[in-house]
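Protein chains in written order, with the numbering used here: chain A, 1 to 458; chain B, 1 to 288.
Calculated directly from the structure, the hints in this document are not laboratory data.
Be aware that a few hints might be false.
[Unchecked claim] The following label-pair restraints were derived from C-beta to C-beta distances:
1. B:147 to A:365: 22 to 32 Å
2. B:119 to A:192: 43 to 53 Å
3. A:322 to B:53: 43 to 53 Å
4. A:35 to B:45: 40 to 50 Å
5. B:119 to A:325: 43 to 53 Å
6. B:283 to A:369: 29 to 39 Å
Glycine is no exception: its CB is placed at the ideal position from the N, C-alpha and C atoms.
Take a look at the letters that make up each chain.
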Amino acid sequence: MTLPYHLVKVCGSIVFAAQGGDIHSFSSALQHISTWKYPAVQQADESKAPSAETEESPAPEGPPAKRRKVENGKDSVSNGQPKSKKNAQAMPKRPCALALTSDNNTILSADKFGDVYALPLLPTTTTTTTGSESAPSPLPSQPQSRSATPSTPTTTTTPAAGQTPPLFKSQANELTVHTKRNLRALENQKISLGRRALAEQLGANRPQFESTLLLGHVSMLTAICVGTVSVAGGKPREYILTADRDEHIRVSRAAPQAHVIEGFCLGHEEFVSRLCVAPGGKAEVLISGGGDDDLFVWDWVKGEVLGRAAVLEHVKGVAGQEEASKVAVTRVFACTWEGRTGVFVVVERVPALFHYDFLEDNTLQHRETIPLPANPLDVDLVEAAVAAPRLLVAVDTATSTSTEGRGSSLIALEKGEAGWRQSRVEDLPAGGDITMSTTELQKILYSTESLRKLSDFD
Amino acid sequence: MGGDKIKKDKRQKREEYRAAIRQEGVSELPRKKFYRQRAHANPFSDHQLIYPPSPDQMDWSSLFPHYVVDEPQDQQTPAPETSTSQDLAPLKVKRISKDVEVADIGCGFGGLLIALAPTMPDTLILGLEIRVSVTHFVEDRIKALRAQNDEAKLYRNVGVLRANTMKFLPNFFRKGQLSKIFICFPDPHFKARKHKQRIVSTTLNSEYAYVLRPGGIVYTITDVPNLHEWMVQHFDAHPSFERVPEEEQEADPCVAIMRTETEEGKKVERHKGEKHVALFRRLEDPAW
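Given only the sequences and the hints, what does the whole structure look like? Please build it.
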């Protein structure tokens, strides 16, 4: 079977779409330009095919101008090979969400363990050899393992420093353990200390690049974004907004003051899975969605809820009153054309796109439900400059009920007078064939609902 | 089979005992042996917890019934509003006249709470504990003490909640609401693999800084030297905290209470262990 396209991202005039480990690039007229293949996927181990990190790490989000700099002067479009993998960065835990700081120099990686790391978009070594003027600010290199020594929010992991990691130290002593059995265990621990120390020295199993721990939740992180607020007579202030599975949206200052929590946006009663900051250019507004029946609109600077907009009721309109009882929002995407701001929402396993109007008074109003032939996975705006906005939607063709739904998994939506005109993007590059059962694939593609809390033990 | 029977008997006994002590009019102090629970809980799992979506929606009235403000009825009926703004309005909760200002994170069997209560009679003190049975014990203990000291009006300013503070501290407290946080004899989590579960870490300290007002103090005590070092290192490394000098530390009356009155403190005393104390002051946020 063929993998559907599951992520689309428009950077200036180039459209990127991910299909498993492959990233295809298209022109804004949706003509295929090139394909980058993730090496590991080609080695036929399909178990970890489509996941966020394989897509996003090699494709830095940024305008093409930026990309050209990354490519060290190569014109990214004319040579038809816009993507080359700049750096493979192994993280200590699986990253769940990524964001770029507003200066386009630092990647913020939010992981499954609740931590947010900052890593330079271009590793320092690369930038020094290419002589780039914008090298990330050099931080004091100081070896640290997260667990053994205090990790200050501005500590950098630079394994290249080559210093020996701190040895394991027994934490208990004869005064803190009392039972015979525990005392014996303590003895054994001391005996094995030497061996452990040796292992520590040998297996320096730490990430091979600079990373700075900025902040952390005790919960799985689900979304991260960067918000900027201008201050009268001062430098604009940058914030990091993080959302987790435990209903929190946290607002922290950006580095180097990421240890200061400015506030929380509290009100969700289920997991939060998606954040959309500054819709229509309103810097202080945040739209969040997750497992709740509604979308929330926040003034995230004040931590106040401005309004809510129903999702479930419109999902029921597509899936049926009885069938739909809960929603898992997977995309909230805002774009502006002709002075209007539209917010498009994707709900997991619902074959439609929900279109809301974001009004002047910061409310969200449902405008229409755009039915699709199959479940959408991602959406982005291809062209806003023209009068009629054009959206690109990636759909999971395997979920299509009709035969006409099969075929290309990229659909272009063009706003016409009689609603949205759908057209398939044809001539897609070959590839994306996998040996995986439909159920396995669905498990990977539809993972958001699994964030909901089910367990009911004490 | 025999083991099962014994277990069942034990559980039954516990339930009967607890039901009896919870009856109206009983003001007997609870006995710990009917409330024992394994000393560890996984802070990462989804316990069945009750917590408000936000501090504004927290109902404190059941914990501190003597501080409930009698609001005139007409004030509670809101003016006719549109349906949307009604949805937004937080659930009406009974207000109390004071805010909780002192939190004991991991209060255990509540020794510190009970000792602190008479020393700061005008401050609301809240114990937070993740273990269900232990929380029930403290609840019953407070109830009994309130009944026994009804005339002196003692122990009306302490309460206990079952909560996972590592996850849900900001659901209970607003920014800068607290003036003191006690972290007494926390689970040491000896294994390096479990260090993420420690109650003190650089990332969690940011949350303590959030709920503490500038000038507020975090009190820590442990009998594990390495954990003490860990806590000192992590708070020292956090830009929002500074260590309180020893002189000032020893002059603080809360430190003496923390040393002698916590249940763990007494146990360490019996085993002739060491007690390591460290206090940290919340600094003002830097300008930016």
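- [ ] Kindly indicate which numbered hints from before are broken by the structure, ordering the numbers from low to high.
- [x] Violated: hints 1, 3 and 6.
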